[in-house]
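Number of protein chains: 4
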Amino acid sequence: DKPFVLISGPCQIESREHALKIADFLATETKKAGVPFVFKGSYDKANRTSLKGQRGIGIDAGLLILAEIRDTFGCPVLTDIHDIEQAKRAGEVVDILQIPAFLSRQTDLLIAAGETGRTINVKKGQFLAPWDMANVADKIASTGNEKILLCDRGTSFGYQTLVSDFRGLPMMAETGYPVVFDATHSVQEPGGRGGSSGGKRDYAPALARAAIAVGCAAIFAEAHDDPDNAPSDGPNMLPLEWIPGFLADLTALDRIAKARSLKAGF
Amino acid sequence: DKPFVLISGPCQIESREHALKIADFLATETKKAGVPFVFKGSYDKANRTSLKGQRGIGIDAGLLILAEIRDTFGCPVLTDIHDIEQAKRAGEVVDILQIPAFLSRQTDLLIAAGETGRTINVKKGQFLAPWDMANVADKIASTGNEKILLCDRGTSFGYQTLVSDFRGLPMMAETGYPVVFDATHSVQEPGGRGGSSGGKRDYAPALARAAIAVGCAAIFAEAHDDPDNAPSDGPNMLPLEWIPGFLADLTALDRIAKARSLKAGF
Amino acid sequence: DKPFVLISGPCQIESREHALKIADFLATETKKAGVPFVFKGSYDKANRTSLKGQRGIGIDAGLLILAEIRDTFGCPVLTDIHDIEQAKRAGEVVDILQIPAFLSRQTDLLIAAGETGRTINVKKGQFLAPWDMANVADKIASTGNEKILLCDRGTSFGYQTLVSDFRGLPMMAETGYPVVFDATHSVQEPGGRGGSSGGKRDYAPALARAAIAVGCAAIFAEAHDDPDNAPSDGPNMLPLEWIPGFLADLTALDRIAKARSLKAGF
Amino acid sequence: DKPFVLISGPCQIESREHALKIADFLATETKKAGVPFVFKGSYDKANRTSLKGQRGIGIDAGLLILAEIRDTFGCPVLTDIHDIEQAKRAGEVVDILQIPAFLSRQTDLLIAAGETGRTINVKKGQFLAPWDMANVADKIASTGNEKILLCDRGTSFGYQTLVSDFRGLPMMAETGYPVVFDATHSVQEPGGRGGSSGGKRDYAPALARAAIAVGCAAIFAEAHDDPDNAPSDGPNMLPLEWIPGFLADLTALDRIAKARSLKAGF
Numbered sequence: 001d002k003p004f005v006l007i008s009g010p011c012q013i014e015s016r017e018h019a020l021k022i023a024d025f026l027a028t029e030t031k032k033a034g035v036p037f038v039f040k041g042s043y044d045k046a047n048r049t050s051l052k053g054q055r056g057i058g059i060d061a062g063l064l065i066l067a068e069i070r071d072t073f074g075c076p077v078l079t080d081i082h083d084i085e086q087a088k089r090a091g092e093v094v095d096i097l098q099i100p101a102f103l104s105r106q107t108d109l110l111i112a113a114g115e116t117g118r119t120i121n122v123k124k125g126q127f128l129a130p131w132d133m134a135n136v137a138d139k140i141a142s143t144g145n146e147k148i149l150l151c152d153r154g155t156s157f158g159y160q161t162l163v164s165d166f167r168g169l170p171m172m173a174e175t176g177y178p179v180v181f182d183a184t185h186s187v188q189e190p191g192g193r194g195g196s197s198g199g200k201r202d203y204a205p206a207l208a209r210a211a212i213a214v215g216c217a218a219i220f221a222e223a224h225d226d227p228d229n230a231p232s233d234g235p236n237m238l239p240l241e242w243i244p245g246f247l248a249d250l251t252a253l254d255r256i257a258k259a260r261s262l263k264a265g266f
Numbered sequence: 001d002k003p004f005v006l007i008s009g010p011c012q013i014e015s016r017e018h019a020l021k022i023a024d025f026l027a028t029e030t031k032k033a034g035v036p037f038v039f040k041g042s043y044d045k046a047n048r049t050s051l052k053g054q055r056g057i058g059i060d061a062g063l064l065i066l067a068e069i070r071d072t073f074g075c076p077v078l079t080d081i082h083d084i085e086q087a088k089r090a091g092e093v094v095d096i097l098q099i100p101a102f103l104s105r106q107t108d109l110l111i112a113a114g115e116t117g118r119t120i121n122v123k124k125g126q127f128l129a130p131w132d133m134a135n136v137a138d139k140i141a142s143t144g145n146e147k148i149l150l151c152d153r154g155t156s157f158g159y160q161t162l163v164s165d166f167r168g169l170p171m172m173a174e175t176g177y178p179v180v181f182d183a184t185h186s187v188q189e190p191g192g193r194g195g196s197s198g199g200k201r202d203y204a205p206a207l208a209r210a211a212i213a214v215g216c217a218a219i220f221a222e223a224h225d226d227p228d229n230a231p232s233d234g235p236n237m238l239p240l241e242w243i244p245g246f247l248a249d250l251t252a253l254d255r256i257a258k259a260r261s262l263k264a265g266f
Numbered sequence: 001d002k003p004f005v006l007i008s009g010p011c012q013i014e015s016r017e018h019a020l021k022i023a024d025f026l027a028t029e030t031k032k033a034g035v036p037f038v039f040k041g042s043y044d045k046a047n048r049t050s051l052k053g054q055r056g057i058g059i060d061a062g063l064l065i066l067a068e069i070r071d072t073f074g075c076p077v078l079t080d081i082h083d084i085e086q087a088k089r090a091g092e093v094v095d096i097l098q099i100p101a102f103l104s105r106q107t108d109l110l111i112a113a114g115e116t117g118r119t120i121n122v123k124k125g126q127f128l129a130p131w132d133m134a135n136v137a138d139k140i141a142s143t144g145n146e147k148i149l150l151c152d153r154g155t156s157f158g159y160q161t162l163v164s165d166f167r168g169l170p171m172m173a174e175t176g177y178p179v180v181f182d183a184t185h186s187v188q189e190p191g192g193r194g195g196s197s198g199g200k201r202d203y204a205p206a207l208a209r210a211a212i213a214v215g216c217a218a219i220f221a222e223a224h225d226d227p228d229n230a231p232s233d234g235p236n237m238l239p240l241e242w243i244p245g246f247l248a249d250l251t252a253l254d255r256i257a258k259a260r261s262l263k264a265g266f
Numbered sequence: 001d002k003p004f005v006l007i008s009g010p011c012q013i014e015s016r017e018h019a020l021k022i023a024d025f026l027a028t029e030t031k032k033a034g035v036p037f038v039f040k041g042s043y044d045k046a047n048r049t050s051l052k053g054q055r056g057i058g059i060d061a062g063l064l065i066l067a068e069i070r071d072t073f074g075c076p077v078l079t080d081i082h083d084i085e086q087a088k089r090a091g092e093v094v095d096i097l098q099i100p101a102f103l104s105r106q107t108d109l110l111i112a113a114g115e116t117g118r119t120i121n122v123k124k125g126q127f128l129a130p131w132d133m134a135n136v137a138d139k140i141a142s143t144g145n146e147k148i149l150l151c152d153r154g155t156s157f158g159y160q161t162l163v164s165d166f167r168g169l170p171m172m173a174e175t176g177y178p179v180v181f182d183a184t185h186s187v188q189e190p191g192g193r194g195g196s197s198g199g200k201r202d203y204a205p206a207l208a209r210a211a212i213a214v215g216c217a218a219i220f221a222e223a224h225d226d227p228d229n230a231p232s233d234g235p236n237m238l239p240l241e242w243i244p245g246f247l248a249d250l251t252a253l254d255r256i257a258k259a260r261s262l263k264a265g266f
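These protein sequence lines map, in sequence, to chains B, U, R and L.
Each residue of the first sequence is one higher than the one before, counting from 1 in the working numbering.
Each residue of the second sequence is one higher than the one before, counting from 1 in the working numbering.
Each residue of the third sequence is one higher than the one before, counting from 1 in the working numbering.
Each residue of the fourth sequence is one higher than the one before, counting from 1 in the working numbering.
Just so you know, these hints were derived from the structure itself, not from any lab.
Where hints are given, some of them may not hold.
No distinction is drawn between identical chains; accordingly, a pair holds when it is met within one copy or between any pair of copies.
[To be verified] Calculated lysine-lysine pairs in the DSBU-like style (CA-CA distance at most 35 Å, straight line):
(1) 200 <-> 2
(2) 147 <-> 32
(3) 45 <-> 2
(4) 21 <-> 52
(5) 200 <-> 52
(6) 32 <-> 2
(7) 31 <-> 2
(8) 200 <-> 147
Build out the structure end to end from the sequences listed, making use of the hints.
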């Protein structure tokens with residue numbers, strides 16, 4: 001029944017200056033709106049559609065910037081990891097380790113992440129049913145770490161399209177773990193631009209509102225000062241200027257949703 | 001920006017007494033909640049999964065009962081039609097003619113419905129994209145009748161499952177016609193019980209909340225005093241005792257949603 | 001274990017001359033190839049994507065032309081029907097009545113078709129599972145008419161795309177009725193051109209080969225002398241000049257497939 | 001136009017004796033049938049549905065057994081790898097390195113595999129379109145290694161179901177790389193047994209026949225002496241006694257398919 005959390009930031013940590021600038025904006029706006037904030041940034045994009053896609057700043061530089069953002073703005077920071085070694089290293093720095101959707105069934109990665117003792121945000125694979133996430137969570141919980149978040153970022157629906165099944169949020173909540181809705185990757189069009197993914201950011205606010213209405217614990221939404229020129233996920237990231245209205249809409253709905261729990265248990 | 005409308009009633013008009021009893025309950029509860037109410041009932045189930053499924057009371061008896069309900073409770077009434085002849089006959093009695101999803105591409109039926117001058121609620125075929133509904137609406141509007149409602153009742157997602165794509169509601173709203181969300185058929189599991197359809201009514205309230213949060217104009221939700229023993233759609237109809245809480249949840253969310261229009265135009 | 005049958009012809013009966021010309025070509029080529037031939041032509045396209053799509057020549061003219069084709073070329077003729085009245089009228093003339101996929105759950109139409117005593121080719125709705133066709137066949141068989149063909153023309157797969165599930169052919173064959181594979185509608189892209197459907201005819205021969213290899217009884221494939229300018233289904237119809245090679249490929253594979261029944265019973 | 005290759009073996013290398021016994025059977029039967037044979041076995045199942053699923057014999061023991069099988073039976077051997085270190089180590093021993101479907105977008109793994117100089121069999125992610133595999137192949141080819149096989153093992157279709165899109169085989173062949181069809185994983189039902197995947201092996205032979213008919217270069221099909229009691233993939237592996245008939249069916253169809261190339265270029 002606590003208010004929703006916003007997990008946001010640019011898809012990639014493009015540079016120290018850029019990441020700090022976006023963190024500053026988001027920290028300020030979430031504070032105004034009374035919304036708890038987690039900064040998200042990736043140091044490496046390990047699964048780009050094409051080899052030509054930009055990879056990122058690297059783990060050493062990335063973790064330093066994330067630590068600086070946490071110290072500067074007082075917010076928890078989140079990043080995604082791709083192998084056991086990265087789990088250990090990033091786990092020394094960040095508050096929340098994220099398991100990418102494609103890797104959500106990789107047992108060793110889930111266990112390595114769990115063993116760091118950090119909170120783990122696992123994205124539901126686009127190829128998994130919501131109820132499959134109980135088995136995924138069990139792999140992490142086997143380490144004794146039950147600080148687990150289950151995140152929906154869309155499900156494969158034909159080619160190059162994802163669909164968000166809002167029955168899935170209460171289904172995942174039946175595990176007892178908080179459920180996160182990723183509003184910007186859910187409107188991605190995988191591979192839709194040939195050498196990179198497309199997307200329709202215009203529909204992200206509608207999906208976020210729907211997720212809040214069914215009662216989810218956090219909204220994940222990437223944001224950028226110039227999304228049309230961002231090195232990755234441009235078509236689906238939110239422009240910064242949308243954030244104040246986005247937060248105002250969601251906080252108003254969230255108060256209602258959290259005050260009323262659904263008959264069906266969510 | 002007007003408050004949402006509830007379209008509700010039993011799947012089938014089982015008998016005069018039964019229909020009146022349910023209409024009475026729904027009229028009373030929607031009045032208490034300040035929600036405009038449309039009574040829905042079918043006189044014929046023309047596309048049951050199996051031949052053994054009960055068909056219904058027939059058009060003559062059905063239309064008489066619908067007229068009585070309108071006169072008794074002062075609410076508009078809606079029924080679904082399956083051929084040109086039925087369009088004409090039902091069009092003389094009911095306020096809203098409904099085109100079943102499977103028939104949403106049958107040009108002659110759409111035109112016959114349009115020509116009655118009644119409001120037409122067209123369900124999006126499970127096999128159609130949201131944007132395909134612009135062509136469907138154009139067929140009706142070609143008769144000069146623009147009193148058109150576009151209704152989402154789920155989209156085919158693998159076998160025996162439907163998924164509700166909440167990007168589809170704003171997409172359909174781009175036509176300018178009001179958008180209805182059918183919360184109970186969206187949780188149907190077509191053919192899921194072999195000789196009849198299954199369903200998971202527990203998720204219908206969550207989907208209705210999501211639809212209200214994105215701003216839709218009306219919620220369609222079938223309701224029954226004993227859904228587990230209803231002759232059709234039992235697994236997905238709402239029990240009557242859920243209705244007061246359902247309305248309270250939705251009206252609270254609706255006030256917020258209607259007060260704030262989404263950046264993306266819905 | 002009999003050789004496969006080719007059901008072919010233009011999507012629409014555009015004119016007497018055009019239909020006879022295509023029938024002549026197909027009758028000649030199938031005779032050369034030793035393939036039994038059924039001529040297919042529609043007198044009305046009742047469910048075009050858009051109102052602007054051409055409807056067809058009408059039932060009176062259409063049935064006369066179909067009768068002439070049967071008399072001239074000695075082949076059975078097939079057409080699709082959309083209501084009970086058409087079932088009766090077309091049933092007096094044609095050898096095979098076809099139920100369109102969108103109408104495959106309309107009980108009254110299935111029964112009216114069955115009552116004509118003609119062979120009924122029912123297309124599997126794009127929204128149905130292969131095993132749902134057992135209930136569809138039962139509706140027809142309830143009339144005492146068991147001359148039923150079950151035809152796969154693709155299943156909804158995301159938006160504007162169909163996929164052919166080749167597990168579905170043996171599943172449908174478990175009913176005991178012959179299974180037809182519709183190679184040209186399976187490569188349709190519903191609504192893919194905005195006001196009409198798109199398609200990729202280049203993949204139709206591959207799918208037809210796959211269907212023959214799993215042992216199906218007949219291939220349905222529309223053909224046209226100038227598909228790019230045809231009034232409907234142009235993007236997915238086969239050009240006539242593909243037919244001889246198409247038949248040669250399929251007959252060679254069919255001999256092998258029919259000589260060897262699959263362990264899994266198909 | 002060369003005859004198809006069979007890639008087969010048990011899902012897991014359960015023990016030296018077990019692997020040798022199955023390899024012996026398959027080597028003997030493929031030799032009789034004149035079908036080139038590649039032995040497949042996994043030393044680690046890194047992405048089991050549930051933590052309770054058995055993982056495997058480990059890389060050290062596994063590679064020794066694979067080397068022994070190659071030496072004993074004179075066949076190439078294939079195994080799947082999950083990280084860069086495994087790519088290097090397995091690349092010193094096996095002839096074909098396989099990239100699991102879930103990992104088909106992991107750039108570093110694809111490059112590490114490519115750099116071994118071995119043949120790489122990449123499975124198409126269940127979440128990818130066939131044409132996305134051109135980007136995947138480019139990542140490998142960027143190492144200068146163009147010994148690439150593209151393998152279809154099914155595409156997500158609703159929950160817990162995969163569908164094999166046979167348009168995808170010619171689409172992937174447009175890259176110029178040989179196309180493999182994985183007949184046994186394509187009939188898997190992911191997560192279908194709660195803590196493990198289900199499957200319907202009865203349909204694997206039909207899908208393999210379809211794949212051969214459209215002209216693919218190799219069939220991947222796991223086989224086991226007691227699939228119902230196998231530690232993984234039991235529901236979809238072929239019993240060894242099916243193999244002789246399976247090979248006879250496929251070789252007969254393959255001769256026809258390879259002799260006739262499709263108009264559409266496959």
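To see whether the hints hold, each was checked on the structure:
Both within a single protomer and between protomers do residue 200 and residue 2 lie at most 35 Å apart by alpha-carbon distance, with minima of 30 Å and 28 Å respectively. Taking the closest pair of Cα atoms, residue 147 and residue 32 come within 35 Å of each other only inside a single copy of the chain (28 Å); across copies the shortest separation is 43 Å, beyond that limit. In this assembly of identical chains, the alpha carbons of residue 45 and residue 2 lie at most 35 Å apart only when taken from the same copy (32 Å versus 40 Å across copies). Taking the closest pair of Cα atoms, residue 21 and residue 52 come within 35 Å of each other only inside a single copy of the chain (27 Å); across copies the shortest separation is 45 Å, beyond that limit.
Proximity of residue 200 to residue 52 under the C-alpha cut-off of 35 Å is found in both arrangements, the shortest distances being 22 Å within a copy and 29 Å between copies. With identical chains, the CA atoms of residue 32 and residue 2 are at most 35 Å apart both within one copy (17 Å) and between copies (30 Å). Proximity of residue 31 and residue 2 under a CA criterion of 35 Å is satisfied in both settings, with 16 Å inside one chain copy and 32 Å between copies. Taking the shortest Cα distances, residue 200 and residue 147 sit within 35 Å of each other both inside one copy (32 Å) and across copies (30 Å).
This entry satisfies every hint, going by the numbered hints stated previously.
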